[in-house]
Amino acid sequence: GENVEQHPSTLSVQEGDSAVIKCTYSDSASNYFPWYKQELGKRPQLIIDIRSNVGEKKDQRIAVTLNKTAKHFSLHITETQPEDSAVYFCAASKGDDKIIFGKGTRLHILP
Amino acid sequence: NAGVTQTPKFRVLKTGQSMTLLCAQDMNHEYMYWYRQDPGMGLRLIHYSVGEGTTAKGEVPDGYNVSRLKKQNFLLGLESAAPSQTSVYFCASSYSGFRRTGELFFGEGSRLTVL
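Just so you know, the protein sequences line up as chains A and B, in that order.
Each residue of the first sequence is one higher than the one before, starting from 1 at the first, in this note's numbering.
Each residue of the second sequence is one higher than the one before, starting from 1001 at the first, in this note's numbering.
The set of hints was computed from the structure by calculation and includes no laboratory data.
Everything numeric in this text was worked out from a predicted model, so none of it was measured.
Any given hint could be a false lead.
Far from chain B, some chain A residues (derived; all Cβ distances over 12 angstroms) [claimed, not checked]:
#1 Ser12
#2 Asp17
#3 Ser18
#4 Ser28
#5 Arg61
#6 Asn67
#7 Thr69
#8 Lys71
#9 Ser74
#10 Thr78
#11 Thr80
#12 Glu83
#13 Asp97
#14 His108
#15 Leu110
Computed spacing ranges between beta-carbons, pair by pair [to be verified]:
#16 B:Asp1026 - A:Lys57: 28 to 34 angstroms
#17 A:Asp17 - B:Pro1039: 24 to 30 angstroms
#18 A:Ala70 - B:Thr1005: 36 to 42 angstroms
#19 B:Met1027 - A:Glu39: 33 to 39 angstroms
#20 B:Tyr1095 - A:Ala70: 41 to 47 angstroms
#21 B:Lys1071 - A:Lys57: 27 to 33 angstroms
#22 B:Gln1017 - A:Gly55: 37 to 43 angstroms
#23 A:Gly16 - B:Glu1079: 48 to 54 angstroms
#24 A:Pro8 - B:Met1027: 19 to 25 angstroms
All C-beta atoms, glycine included, are put in the ideal place defined by N, C-alpha and C.
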């Protein structure tokens, strides 16, 4: 089955700097790649997603890139702010109704 | 519009006891899921359902059973609880699976402790 690896497990960046979180997936049939943000004590919420027919997608300060050949995708957050501190999860799905998550990255924004 | 509601939110069980977690959604979603979240392990799929009357196994189904008798409800059962099932359980739903919209709407989570 699908396996999603996520790195790093913890990331600390200075406020205003950029943060990058990387994920790899194992099943070349996967075609949908969402990212979820989970604030402390809260439920995960979708922040951005990308499908396999697109190489990059942006939404204000966040962007996701996808390299199908290498089977990896990344989340980029620019101009980080304190409210970006959270756990971020990548995930992959091949349209068979399951979605498999990575183990998460805890992002700390330092003042 | 409450979204996805889970009950109970907290529960303490003794080893061997049974219990049921209830997930209810009012968004008329076809797809529903149960995940467990453990430190450092991310969100792992237990079971899921693609419509009323259907269920399917996820990544970690052992020790759990599910039922989807009504479209709006998805029940997760533990027949004989074990300490390894201590976790936070999240229910989620989505409109049409991942072929179209893809977005999962999560409940607030249910914290289960098995002593």
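Index of numbered hints that the structure contradicts, given in increasing order:
13, 19, 20, 22 and 24
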